[in-house]
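**Student:** Taking the hints into account, I'd like the entire structure generated from these sequences.
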Amino acid sequence: FSPMASGHFQVEAALLMLPLVMLVLNSGGGSAAGAVVPAVIVFGDSTVDTGNNNQIGTTLRSDFPPYGRDMPGGARATGRFGNGRLPPDFISEALGLPPLVPAYLDPAYGIGDFARGVCFASAGTGVDNATAGVLEVEYYKEYQLRLRAYAGAERARAIVRGALHVVSIGTNDFLENYYMLGTGRFAEYTVAEFSDFLVAGARRFLSEIHRLGARRVTFAGLAAIGCLPLERAENMIHGGGCIEEYNRVAREYNAKVEAMLGGLRAELPDLRLAYVPVYDTMLDLVTNPAKFGLENVEEGCCATGRFEMGFMCNDEAPMTCADADKFLFWDAFHPTQKVNRIMANHTIDICYQQGLL
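The sequence shown runs 140 to 496 under this note's numbering.
These are computed hints drawn from the structure, not numbers from a lab.
Heads up, the beta-carbon is just placed ideally off N, CA and C, and yes, glycines get one too.
Honestly, I wouldn't trust all of these hints.
Stated by the list, open to error - What follows is a list of derived Cβ distance ranges for each label pair: (1) Thr426 to Pro457: 40 to 50 Å; (2) Glu332 to Gly173: 29 to 39 Å; (3) Thr197 to Asp335: 50 to 60 Å; (4) Ala394 to Glu434: 30 to 40 Å; (5) Pro211 to Ile250: 16 to 26 Å; (6) Glu383 to Ala429: 21 to 31 Å; (7) Ala394 to Arg215: 13 to 23 Å; (8) Glu434 to Pro457: 13 to 23 Å; (9) Ala247 to Thr197: 11 to 21 Å; (10) Gly173 to Ala288: 18 to 28 Å; (11) Ala461 to Ala292: 48 to 58 Å; (12) Ala292 to Pro457: 13 to 23 Å; (13) Glu347 to Asp202: 23 to 33 Å; (14) Arg343 to Glu455: 19 to 29 Å.
**Tutor:** Structural data, given as structure tokens:
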């Protein structure tokens, strides 16, 4: 794979390079009774957006069926890109907090709810997008002001410093951003240069949230993006298998991420960082589906499972599967609720193994 390759492959390889799944566990007291941490606070993209995009003018939405059809308590499309709960929801529940993390822009929730968990994530966000490092952090600052007014300065500080911050900036959203916005970044950079650009952006983001109080971070690398259903569909000429070149881009990017984390540890000795190998987990799901009770790891459950997400995944779309628990993917980009639970459990295990929880 040459970084100078032209055309669609180069664009997608660059775009599909960055799902950061970062968990930031801040030290500090103030946990709610029975909870491991006082709150879960979420930044990122559609992999963790619990409904903010319902409130903004965008086509990147999922607040309609069949999204949410397997939510606990009955089908409801909350704006989560999946058939049910997302990783932050499972993480929150596992740590003794509410089973759903509320979206900051959802008017149904208030600061009393957000004191135990809040999501600033927005589908379509990426590091190469001003809304990622600027708008969500601005919401975070506003939230802290509201929290101080609600709980008092000392208690608010304890909540923020004690909270588990979940950050996920994903490959799917880079792809969406490119096709929606046509940023032109990918004419400016080779794949390797763009990878460096993204890693530098992630480093700045981590430094900023550390400045605002983060002290313990679990940072998961890029998944096996060559195995996403959309990429398999574009590889039909070779039998619809995973695109190894894309997976190699992911591995090379992940190596740069690990090096970046090492440098940040040296620069910020009070910031504890642990790397989570999401790539390995996804590859395990793809290559050993029976171990996880999966039957289809090549296509999404919704519609044909090859191209559809967002508005293309709707109640009128034919061929949607009956049992999403047999699938790795819900749509052409996003995992099923079952897999989100697996990913969340793996992340929590890493936190405990490395002394972050």
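**Student:** Against this structure, judge whether each hint is valid.
**Tutor:** Here is what the structure says about each hint:
For Thr426 and Pro457, the hinted distance range of 40 to 50 Å is not satisfied, since their beta carbons lie about 30 Å from each other. Hint check: Glu332 to Gly173, Cβ distance near 48 Å, so the stated range 29 to 39 Å is violated. At roughly 29 Å, the beta-carbon separation of Thr197 and Asp335 lies outside the given 50 to 60 Å, and the hint is violated. Checked against the hint of 30 to 40 Å, the pair Ala394 and Glu434 passes, with Cβ atoms roughly 33 Å apart.
For the hinted restraint 16 to 26 Å between Pro211 and Ile250, the CB-CB distance of approximately 25 Å keeps it satisfied. Remark: the range hint 21 to 31 Å for Glu383 to Ala429 is upheld by a beta-carbon distance near 23 Å. Hint check: Ala394 to Arg215, Cβ distance near 41 Å, so the stated range 13 to 23 Å is violated. The hinted window of 13 to 23 Å between Glu434 and Pro457 holds, with their beta carbons roughly 20 Å apart.
At about 19 Å, the CB distance of Ala247 to Thr197 agrees with the hint of 11 to 21 Å. Distance hint for Gly173 and Ala288: a CB-CB separation of about 26 Å, consistent with the stated range 18 to 28 Å. Range check, Ala461 to Ala292: about 52 Å between beta-carbon atoms, so the 48 to 58 Å window is met. Restraint check, Ala292 to Pro457: a C-beta distance of roughly 56 Å breaks the suggested window 13 to 23 Å.
Against the hinted window of 23 to 33 Å, the Cβ-Cβ separation of Glu347 and Asp202 comes to about 30 Å, which satisfies the hint. In this structure the supplied range 19 to 29 Å is violated for Arg343 paired with Glu455, their Cβ-Cβ distance being about 43 Å.
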